[in-house]
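J.: Sequence:
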Amino acid sequence: MKKLIFTAIFFSMSLVMAFGSNSWKFAVVGDTHVPNAYTIKKIVPKLLEDKVEVVLFVGDLVQGGKGQNAEGMIKELTEWKKLTKPLTDAGIKILAVRGNHEADVKGNNIVVWKKMISPELNVLYFYKNITFVGLDNYINGEQTVDVEWLSKAFDTINKKGSIIVPFGHEPAFSCNTFHPECLDANPENRNEFWSLIEKYGAKYYFCGHTHQYNLSQITHNGNTIQQIICGGGGGFLQPKKGGIKETQGYDVKSIEIKSETGYLLVDVNDDKLSPKWVHVYDKNVSTRPDNLRRKAKVRMQKHTF
Numbered sequence: 100m101k102k103l104i105f106t107a108i109f110f111s112m113s114l115v116m117a118f119g120s121n122s123w124k125f126a127v128v129g130d131t132h133v134p135n136a137y138t139i140k141k142i143v144p145k146l147l148e149d150k151v152e153v154v155l156f157v158g159d160l161v162q163g164g165k166g167q168n169a170e171g172m173i174k175e176l177t178e179w180k181k182l183t184k185p186l187t188d189a190g191i192k193i194l195a196v197r198g199n200h201e202a203d204v205k206g207n208n209i210v211v212w213k214k215m216i217s218p219e220l221n222v223l224y225f226y227k228n229i230t231f232v233g234l235d236n237y238i239n240g241e242q243t244v245d246v247e248w249l250s251k252a253f254d255t256i257n258k259k260g261s262i263i264v265p266f267g268h269e270p271a272f273s274c275n276t277f278h279p280e281c282l283d284a285n286p287e288n289r290n291e292f293w294s295l296i297e298k299y300g301a302k303y304y305f306c307g308h309t310h311q312y313n314l315s316q317i318t319h320n321g322n323t324i325q326q327i328i329c330g331g332g333g334g335f336l337q338p339k340k341g342g343i344k345e346t347q348g349y350d351v352k353s354i355e356i357k358s359e360t361g362y363l364l365v366d367v368n369d370d371k372l373s374p375k376w377v378h379v380y381d382k383n384v385s386t387r388p389d390n391l392r393r394k395a396k397v398r399m400q401k402h403t404f
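Counting from 1, position 32 in the sequence shown corresponds to residue 131 in the numbering used here; the numbering is continuous, with no gaps.
Treat each hint with caution, since some may be false.
Below, in silico cross-link-like pairs of lysine to aspartate or glutamate (DMTMM-like), each with a Cα-Cα straight-line distance of 20 Å or less [claimed, not checked]:
| no. | residue 1 | residue 2 |
| --- | --- | --- |
| 1 | Lys213 | Glu170 |
| 2 | Lys340 | Glu355 |
| 3 | Lys124 | Asp149 |
| 4 | Lys340 | Glu359 |
| 5 | Lys141 | Asp188 |
| 6 | Lys124 | Glu148 |
| 7 | Lys352 | Glu297 |
| 8 | Lys213 | Glu178 |
| 9 | Lys165 | Asp203 |
| 10 | Lys213 | Glu241 |
| 11 | Lys192 | Asp149 |
| 12 | Lys124 | Asp188 |
| 13 | Lys192 | Glu148 |
| 14 | Lys214 | Glu170 |
Rather than coming from a laboratory, the hints here were simulated on the basis of the structure.
Based on the provided sequences and hints, a complete structural model is requested.
T.: Written out as structure tokens, the structure reads:
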């Protein structure tokens, strides 16, 4: 009997050593917009306190944009990397995908991204019992998913037998997302993407782009997936807007929306994920960008008698 107990304990310890603990945490942070915002300075210490092991950055790491060039993007990403260095110093794995603010930079922004952030635009990373699948939404045109790459990636994932966690910058469904169109600007491509994550059993899709916490539930063909927008990393806050669009047979339900800064903390227990929004107050983050605030001030002055 003692021998059997010892054998069972030894087997359990071997599994833990081989695959790691079945209980651990990762986080999702979106739209940090360095150097226009420094909310990331408040978020990083929280992530260290939470003892997360992986952090997903879902695009718009820097302000970048159409008014920026590749040289300026290097400077912005250099600052972003300094601000997130405490994470890598602590052994925390960072996975990141581009947002429109990186993709819109003038010049060869892809070379800059590959050199400074990730050699691959689409990301496939196996960690413990999870496979993280990062999707660049701008390789094949704006607001798209490289479904050919994703299909091949899923063939690899299927052999691993782990939990699939897809993440990108653009929401798949514009459900009170402030932006009038996201991946649903190209419904055919969006539907191909969604069919793939349905097929391979994903329960969540993490993204950013809209500067808010936005949880919605998408049911289709008997499958339910939660889309969670985690865009509270520092960009000016955006209220809900526009309702639900381009559902095309998908049952889209809005669950919860918070226009506030913060990040998503995800507890992993065996094959179950438990996401929780963590609010991190930053008094310097406005509900609208500075240029809009200035325009509003000018309008007020014009109408003052």
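J.: Keeping to a limit of 20 Å between CA atoms, is the pair of Lys124 and Glu148 held or broken?
T.: Roughly 11 Å between the alpha carbons, so the hint for Lys124 and Glu148 holds.
J.: Taking only the CA atoms, is the gap from Lys124 to Asp188 under or equal to 20 Å?
T.: OK: Lys124 and Asp188 at ~17 Å, within 20 Å.
J.: Regarding the pair Lys213 and Glu241, is the alpha-carbon distance no greater than 20 Å?
T.: holds, 18 Å
J.: Going straight from one Cα to the other, do Lys213 and Glu170 come out at no more than 20 Å?
T.: At roughly 14 Å apart (the allowed maximum being 20 Å), Glu170 and Lys213 satisfy the hint.
J.: Given the hint that Lys352 pairs with Glu297, test it: the Cα-Cα distance must not exceed 20 Å.
T.: holds, 17 Å
J.: Would you mind confirming whether the straight-line C-alpha gap from Lys141 to Asp188 stays at or under 20 Å?
T.: Status holds; Cα separation ~17 Å.
J.: Lys213 and Glu178: Cα distance at most 20 Å?
T.: Satisfied, since the Cα-Cα distance of roughly 16 Å is no more than 20 Å.
J.: Taken at face value, is the distance from the CA of Asp149 to the CA of Lys124 at most 20 Å?
T.: Roughly 8 Å separates the two Cα atoms, so the pair holds.
J.: Has the given pair, Lys192 with Glu148, been kept, meaning a C-alpha gap of at most 20 Å?
T.: holds, 15 Å
J.: Does Lys214 pair with Glu170 here, judged by a C-alpha cut-off of 20 Å?
T.: With a Cα-Cα distance of about 13 Å, the restraint between Lys214 and Glu170 holds, given a limit of 20 Å.
J.: Under the criterion that the straight-line Cα-Cα distance not exceed 20 Å, is the pair Lys340, Glu359 satisfied?
T.: holds, 15 Å
J.: Between the alpha carbons of Lys192 and Asp149, is the straight-line distance 20 Å or under?
T.: holds, 14 Å
Violation of the numbered hints given earlier is absent; every hint is satisfied by the structure.
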